[in-house]
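Hints are included, so try docking the two chains, each in its own frame, into the full complex.
Residue strings, one per chain:
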Amino acid sequence: MQQAQENIVELPNEVLLKGITDLLEEGHTATLRVRGNSMRPFLEDRRDSIVLAHVTHINIGDAVLAEIAPGKYVFHRIIAIDGENVTLMGDGNIRGTESCTKADVKANALAVIRKGKEYSTEGKHWKRYSKLWMRLTPVRRWLLAIHRRLPLNWR
Amino acid sequence: MKIKEGFELREMCGENIIVAKGVQNIDFNKIISLNETAAYLWKSIVGKEFTPESMAELLRMEYEVNEATALADTQELAKAWQDAGLCE
Chain P
1 MQQAQENIVE LPNEVLLKGI TDLLEEGHTA TLRVRGNSMR PFLEDRRDSI
51 VLAHVTHINI GDAVLAEIAP GKYVFHRIIA IDGENVTLMG DGNIRGTESC
101 TKADVKANAL AVIRKGKEYS TEGKHWKRYS KLWMRLTPVR RWLLAIHRRL
151 PLNWR
Chain V
1 MKIKEGFELR EMCGENIIVA KGVQNIDFNK IISLNETAAY LWKSIVGKEF
51 TPESMAELLR MEYEVNEATA LADTQELAKA WQDAGLCE
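Protein chains in written order, with the numbering used here: chain P, 1 to 155; chain V, 1 to 88.
Errors might be hidden in some of the hints.
[To be verified] Among chain P residues calculated to face chain V with C-beta under 10 Å, some are: (1) L16; (2) L23; (3) E25; (4) G27; (5) R33; (6) N37.
Just so you know, these hints were derived from the structure itself, not from any lab.
Just so you know, these numbers come straight off a predicted model, no measurement behind them.
Cβ coordinates follow ideal geometry from the N, Cα and C atoms, glycine included.
Next up, chain V with everything else stripped away, as it sits in the complex (with noise of 0.2 Å):
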């Protein structure tokens, strides 16, 4: 899969969101951020083809992680973005 395009990691308050580009009104009583994991993920994939298994392995690289761990953190990171609508 593939991150959407037109979403745009922003630091904000360190905080990590995402903001639709040309989609003029930002509602933050419905934003989606990331914490610093996530968006080291965010940061490696966008605009590449990703699998949870690819960024399992990027997590490994980052972080000291079972390969277990890593893959299951993954999935159900991908799972988010996707019920998110952010990727394709």
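Just chain P, with the same shape it has in the complex (with noise of 0.2 Å):
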């Protein structure tokens, strides 16, 4: 009668990050898994973790999670702003990048979840690891290629 809490549901995105941006704006924080690998090498798909909570302001290098598409959610980090417009890339993407506005932002990390081990975003470690992969952003590729490979575990 009850999905005890050993059990999985996984929602569509658009259904369940629809749900919690209006939670967060209610002053909630919300915390569930990332899926996919488009934050790597920090973190891995169904392993591990995001703290998110309504956004107020916006800096570049923030990890958050935007509307950029109706319906279509991705969680990136932000690597310009230009006016209103936003520029969004994932730290585990080569090349691609996501355009919106900044209305679309609608939450921001306020810790990752890594191995169970949770990183403020305004810690040391974090922002060490936001610096140097920002500027690492060239030769992305390569590293990623190298963590691609190892033992999950290792990752």
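This is how it looks when you write it as structure tokens:
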């Protein structure tokens, strides 16, 4: 009758994330598991989680949840802000970027949970990693290729 | 028993989920969701004293189910809620 905690319910992103952005607007924060590998090397598909909050202001380098097209959400990093226009790129992506407006940025990450350990996005680990990884963008292709070949528990 | 205060049943994307009021973070990795029948029972008994027997009666008012099955189901449900810390 009841779905116990060990049951995993997967909801389509467009449904779940719309519901979540409503909760965030009410002042809640939400922890949810990531899907996909576009935020590698830090976040691994279906293993790691993020803690989202309603966004108040954004900066370059922030990892945010954005609705890049109606019903299509990504959790990527802001790489440029130009007036109202925002450009995003996943840490695990080599070239592809997304564009949206500031209003489309629905949430930012308060923390990321990697291998069960929580890192505040205001903390030095995440900040250091973010700075370094953004600087390494030109050589990302090779670093990610190596990362992909590592056993899961090393990633 | 009784549902503890501070829990709220809300519908999100077609799922009935239990949200603790006042708890800021909602962890979607361990959320409690109720199916339609459980949600009906929740709404009927929230804020009131209930027993598996009284829930079974409510169940039989709404669904075609025999007494024994209804009671077995509501006993299981009450236990699950208790284990999850939702009622006292």
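For each hint, the structure was consulted:
no. : hint : result
1   : L16  : holds, 6 Å
2   : L23  : holds, 6 Å
3   : E25  : violated, 13 Å
4   : G27  : holds, 7 Å
5   : R33  : holds, 6 Å
6   : N37  : violated, 19 Å
When each numbered hint is compared with the structure, violations occur for hints 3 and 6.
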